[in-house]
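**Q** From first to last, the protein sequence lines stand for chains A and B.
All residue numbers for the first sequence refer to the UniProt record's numbering, where the first residue is 1 and numbers rise by one.
All residue numbers for the second sequence refer to the UniProt record's numbering, where the first residue is 1 and numbers rise by one.
To be clear, the hints were calculated from the coordinates, so they are not data collected in a lab.
One or more of the hints may lead you astray.
Derived, one-sided and incomplete: chain B residues facing chain A with beta-carbon distance under 7 Å [what the hints assert, rightly or not]:
id, residue
1, V114
2, G253
3, Q254
4, P255
5, P261
6, V276
7, W283
For every residue, glycine included, the Cβ atom is placed at its ideal position computed from N, Cα and C.
Chain by chain, the residues run as shown.
Protein chains: 2
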Amino acid sequence: MPNVNRQILLVSRPQDHASVDNFRLVEAPVPTVGDGQVLVRNHYLSLDPYMRGRMNDTKSYAPPQPLNQVMIGGTVGEVIESRNPQWRPGDKVAGLFGWQEYGLSADGRDLRKVDDALAPLSAYLGVLGMPGVTAWYGLNRICEPKFGQTVVVSAASGAVGSVVGQLAKVKGCRVVGIAGGPEKCRYVTETLGFDACVDYKAGRLYEDLKAATPDGVDAVFENVGGAGLDAVLRRMNAFGRIALCGMIAGYDGQPVPLQAPALILTNRLLVQGFIVSEHPDAWPPALRELGALVANGHVKYRESVAYGLENAPEAFLGLLQGKNFGKQVVKLI
Amino acid sequence: MPNVNRQILLVSRPQDHASVDNFRLVEAPVPTVGDGQVLVRNHYLSLDPYMRGRMNDTKSYAPPQPLNQVMIGGTVGEVIESRNPQWRPGDKVAGLFGWQEYGLSADGRDLRKVDDALAPLSAYLGVLGMPGVTAWYGLNRICEPKFGQTVVVSAASGAVGSVVGQLAKVKGCRVVGIAGGPEKCRYVTETLGFDACVDYKAGRLYEDLKAATPDGVDAVFENVGGAGLDAVLRRMNAFGRIALCGMIAGYDGQPVPLQAPALILTNRLLVQGFIVSEHPDAWPPALRELGALVANGHVKYRESVAYGLENAPEAFLGLLQGKNFGKQVVKLI
């Protein structure tokens, strides 16, 4: 048995921008497995924008990440020791063990069995995990686009946005992405099949969005906020829906204002913030549909992989700046 | 028969702030009544914040008010001549004849019969008219507050806000108003029966709101936007609802940004813009309920009355600055 569990702790809170100094790599003993417990070797960590909010000590939908404890996060891996009849060594599982190499489940109920014959393990942190269900929920339960309507998705090449747009294409919508740089935009249109993609770094955000949405915009899946949301608000049709999933533009620093909120009124929009973990009923149908669409090739995905636990902090900071391309994971083994 | 119909036209669009120079008083002949038509002598004009938006030539939920035509608006008055079997001289009617002394209905179908034995005519421009139904719709169909929840209402002494708060009290909510100045706040708590009222002019908006909402805020009926909305967003409980009815803070000038829109996400809020005229199904139940509550004294109302058509522009500009106290009307006769 291994006897060292490398972990990354949050050791200080960002004043404004997060930095690698907020984290520390430590070594702890691999836990001893007690009655009913399950020990998992993590193969991949998930890095997600929501983690930035947890680094702050402010009121939010979840309590802040405690200092000097293992940074939270989703993981996938393999059971290596079990004293629980529900789980056997070799089982592949998704869990929430955070930024460490080994995780101990107290009773096995926080583990989700995954099938690495159907898709690679890391996919269960992305399209077949929390980001995929997030996309499915926001699109189907909030945006509710009809055939032929125009849907705009920000962070379009990312873990959530890429799934949103592909699901909307399956529904027969016109889908316009917003992404950073020509390479991501090409991927969004050529590989993911969006109808158009606006490069927010090109300096013509509103003009390009207007050209890409000749019939206006009926639904928005918002992952970013900031200038992109300001622009799309000006293109909304009456009775449009905005699923507010992420506001990454303001996560790592000061809040970013919304320039013209009165447009919500004049266009009679619905804006709904949501957190997918509060909608457990959505997970089974979402995962069934996503599994089928991944299998038949209608939903594609892409990953940015960082290697080694020690590189998690830098990969996370890169994610906040849009340096990732697709779902950001950290490979541990 | 009278032969002069005084009218106020919109003759120019505001560059930034509206002014009396945007309007012109003219005299036109009283229209001749043709077959099927109904001539109404207007007794009261309604002045409402939405009219400011119509003065601009920008995309909104309604086309702009055309230049050199009678300024739009709700009216109540009396039929003085009818060549329509549905209407007889002496009938009291609500209509949409705008800022003029006489209005001609082409077929009588745009008139709503009102009963001046049940309430004074002017009430049909306020609590028993569009503002009352607006309050009822936003509270019952969007805010949906439960017994014991906290509801915040801005422009609390105004035509809409005063009704919202009283309806919410009937439902057993804790109701907190926001209004400008101690006199309005006293009216809101002492006469209308709100639990508290925050004076936004006192310079302690957030602190006073916090003190008045010890259990946070579950629902907001927003008539104003700006600093009040920023403050209340910081007090929202998870899954709160915001009915966006008006954004008067930004109507007469530049748009007012929302400082921290990410709070919509972190608190998983629903924000819904609405225009009551698009929900005709709400009018009959709303007017039934409001009629009963006015009759039994559970809903009180107050008016600011300007006298004479020529004073409508100045009264309207005052409304935009919060100089009115309750529903603003113009008495013509």
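**Q** Each hint needs a verdict: does it hold in this structure or not?
**A** Hint-by-hint comparison with the structure:
{"no.": "1", "hint": "V114", "in the structure": "violated (28 Å)"}
{"no.": "2", "hint": "G253", "in the structure": "violated (12 Å)"}
{"no.": "3", "hint": "Q254", "in the structure": "violated (9 Å)"}
{"no.": "4", "hint": "P255", "in the structure": "holds (4 Å)"}
{"no.": "5", "hint": "P261", "in the structure": "holds (4 Å)"}
{"no.": "6", "hint": "V276", "in the structure": "violated (11 Å)"}
{"no.": "7", "hint": "W283", "in the structure": "violated (17 Å)"}
Checked against the numbered hints given earlier, the structure breaks hints 1, 2, 3, 6 and 7 and satisfies all the rest.
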